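**Q** Below are the chains, spelled out letter by letter.
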Amino acid sequence: MATKLKPVDVAIVGVGLTGTIMAKELAESGLKVVGLERGHWRDTDPDFAMPYAHDELRFVGRHELMQDLSRETITFRNNAAETALPMRQLGSFRPGEGVGGAAVHWGGLTWRFLPWDFETRSRTLARYGKGQLAEDCTSQDWGVSYDELERHYDRFEYLYGISGKAGNLKGEIVPGGNPFEGPRSREYPTPPLKSAYAGALFKEAAEKMGYQPFPTPSAAISRAYTNEYGATINACVYCGYCQFFGCEMGAKASPQTAVLPNLMKQKNFELRTHANVARVNLDAAGTRAIGVTYVDSRGREFEQPAEMVLLCSYVLNNVRLMLLSGIGKPYDPAANTGVVGRNYAYQTPSSVTLFFEDRIFNQFMAAGGLGMAIDEFNGDNFDHSGLGFIGGGFFSAASSGARPIEVRPVPRGTPRWGAQWKRAVATYFNRSFPITIQGACQSYRGNYLDLDPTYRDAYGLPLLRMTFDRRANEHKMSLWLTDKAAQIAKAIGPSKMNVTPRTEKYTIVPYQSTHNTGGAIMGADPTTSAVNKYLQSWAVPNVFVVGASAFPQNGGYNPTGTVGALTYWALEAIRKRYLERPGPLAS
Amino acid sequence: MEKSPARRRFLKSVTAIGGAASFPVPTLAAEAHAQHGARGSPQTYLFLTQPEVAFVEAAVARLIPADELGPGAKEAGVAYFIDRQLFGGWGTMAKMYRQGPWPEGTPQQGYQSPLTPQQVYRIGIGEVNAHCAKQYGNSFSALTAAQQDEVLRGLDGGKIELEAVRSQFFFNMLLANTLEGFFADPIYGGNRDKAGWKLVGFPGVAAVYTAHVEQHGVPYDAVPVSIQDIVDSVAEVDEHGHPKHILLGRNDRGSSHGD
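Quick mapping for you: the protein sequence lines, in order, are chains A and B. Okay, so the first sequence: first residue is 1 according to this note's numbering, each after it adds one. Okay, so the second sequence: first residue is 1 according to this note's numbering, each after it adds one.
Chain A with its partners taken away, still in its complex shape (with noise of 0.2 Å):
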């Protein structure tokens, strides 16, 4: 039997990259807000202490701060006709657990999206027609505009203190940044990280070919800054153990860093760890959450009611919950009808391995987000007219942290074992750098996620399953753009390249992102997104579901300023207007 607790205003499941922002500001506007996260609490110091943040076998090996599979996992299969399986052990993607969630170990990559990206659909029909969209994509519009995302993306990047360039101050190109963003209002609010070899190269043959390269912005920041809450994000220096690692010196912006410092002494705001939300409780009518139930690491029962719930977990565990709970029709792929689960991508990574003989990069001095990019194939920034795909991405000769577990390249035909594969390994890991490309994803009516029938996670709950392959249009688009950034690789003169477009069957193994979107997409029509155009649940008004899992497709970019613009711009509706008259914001 479930203890029942006493009420709160607000109830956030997942104290990560969102619900941390979500729960500072509503506890500060006077509600009791109580986050409920079913991992540990984790912070800069002691859990990122040197030396033992430096260990690759326990952070990237071992998965250290990431999902423990054992509780609960998702089932995946390529396509409807095949039976799904547990994914048992982590591999295409990491999500994160505990405090802090995937923020903790992120690679810090702060973007924002193209303002195509927004309105995909509607401009690739004024564009190009009907013809240039497969018949089962089911990329659409996201009811919201990048010109109305603008203040919220700034927001985000100056809590977050972002190394970048702006190459769009109000509409004005800046020589030296992105020339194809969209305006922003002002400059990042720190410069862009020092240069590495990989990107000093790549830039000046990118600048011989006609490409306009830039800084990619960072939330490894430059130098120390301090955001508006008061919370200080050091300088990075540069170590490498960045992306899936905590950051020893608090120089990657995280939950950590820029937020739990200030939320921590709200007093209005209560963490409970170890609280796993296994749904959320609706009212007899099923329009109105009236609280969540959870259970400890003691097995027990509470059931915590709440004026409003705000799911603030990562994108699957989001759409999971509101599939266990009822909120919004479940979407059929057979009948195309239903939201929850709807609308399903990913992303489309590629590379170009460049192999040198005589020169040295020191890959290992890195950062997650230190790197050169080019945006002249990204969105709609260049003519698809008979290209047969849509959408692109940003190249990028990336710094991010070579270690040899991981990141160990050889030239293609080198045999995976033995002398010549060990000479191989001693020659190449020193001096090879990559480029690599961040490939859109679209949606496909067959790619979709929802309750598997048979696998159950340690609370006897069905996990989610995830039925995903990318399509013609992703295949075509990565051999395309793959050639592309080949040229210019080839421009620089390594003596040898391994040119890895994606083309194969997704794969569930290999690392590729924790880039996973969509499944309670935002819209303007009710019919087809689960959220409005505020993230508010259209089934359920006083439930609001914050993350990429509101994106319709994936852009060509990661996902996480996007994110953080996302929150902040539902937080500004519910602030102003859902808590002065608590009830549907769109109709």
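Any given hint could be a false lead.
[Unchecked claim] Label pairs and their calculated CB-CB ranges: (1) E301/A with P107/B: 33 to 43 Å; (2) R300/A with P219/B: 57 to 67 Å; (3) E214/B with M264/A: 31 to 41 Å; (4) A94/B with D45/A: 47 to 57 Å; (5) S495/A with A142/B: 35 to 45 Å.
In short, the hints are calculated from the structure, not lab data. Remember, predicted model here, so these are calculated numbers, not experimental data. Even glycine gets a Cβ: it sits at the ideal position worked out from N, Cα and C.
Put chain B on the given structure of chain A with help from the hints.
**A** Showing chain B alone in chain A's frame:
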């Protein structure tokens, strides 16, 4: 081993003098620490039996052989590393989803074996040795290097079929663990004397690189530093706990630190 505790203390005290330290000293100290991790010879094992140790040592010696470039996986203690990993949480799938049913699935669906890594090794080694006895009249570890390579190539690619575990699955696990053991911090028992890091030029625990990252194309030949070196104060650290790397091959060799 030849390095007594007294010798170790001596090396530490010499290193602690700091400015007087020259390149061979930290290297020797590091060796002492690798032995420290291995707790002397003969090594003790927590999971693998002696015939299994013989198999793993022989196999990893072919996967990463000792040659003119330096020690191989066997010399780097990779069998010892694998034993420790199998004994611990990873070997028993502590953080993996373990509920059935267990159909084999597609390659895209990844790890679907009901066997723990402990069981994969136990069964895999037994079956490969049985194959070797039938084919060559001897266990794997007693075969010639050429025969061992033939067997490993047969497993890698699935030409040799095993009964209770897929041969490619077993081989992939063995190879992945070998690479981990060769390149992980020596505190796990492999990468002895930082052989893996020295081979590729990886400095291990990072220093502050702010002053170096823009020195494009300039080699950074640091004496690699392990977590143990810092815990034991063999490596000097800055106020944030980053080691001060000792750089080789520079004019200021021996006295300059990597910042």
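**Q** Take the hints in turn and mark each one as holding or not.
**A** Here's how the hints hold up against the structure:
1. E301/A with P107/B: 33 to 43 Å: holds, 40 Å
2. R300/A with P219/B: 57 to 67 Å: Roughly 58 Å apart at Cβ, these two residues keep to the hinted range, so it holds.
3. E214/B with M264/A: 31 to 41 Å: holds, 37 Å
4. A94/B with D45/A: 47 to 57 Å: violated, 26 Å
5. S495/A with A142/B: 35 to 45 Å: With a Cβ separation near 41 Å, S495/A and A142/B satisfy 35 to 45 Å, so the hint holds.
Checked against the numbered hints given earlier, this structure breaks only hint 4.
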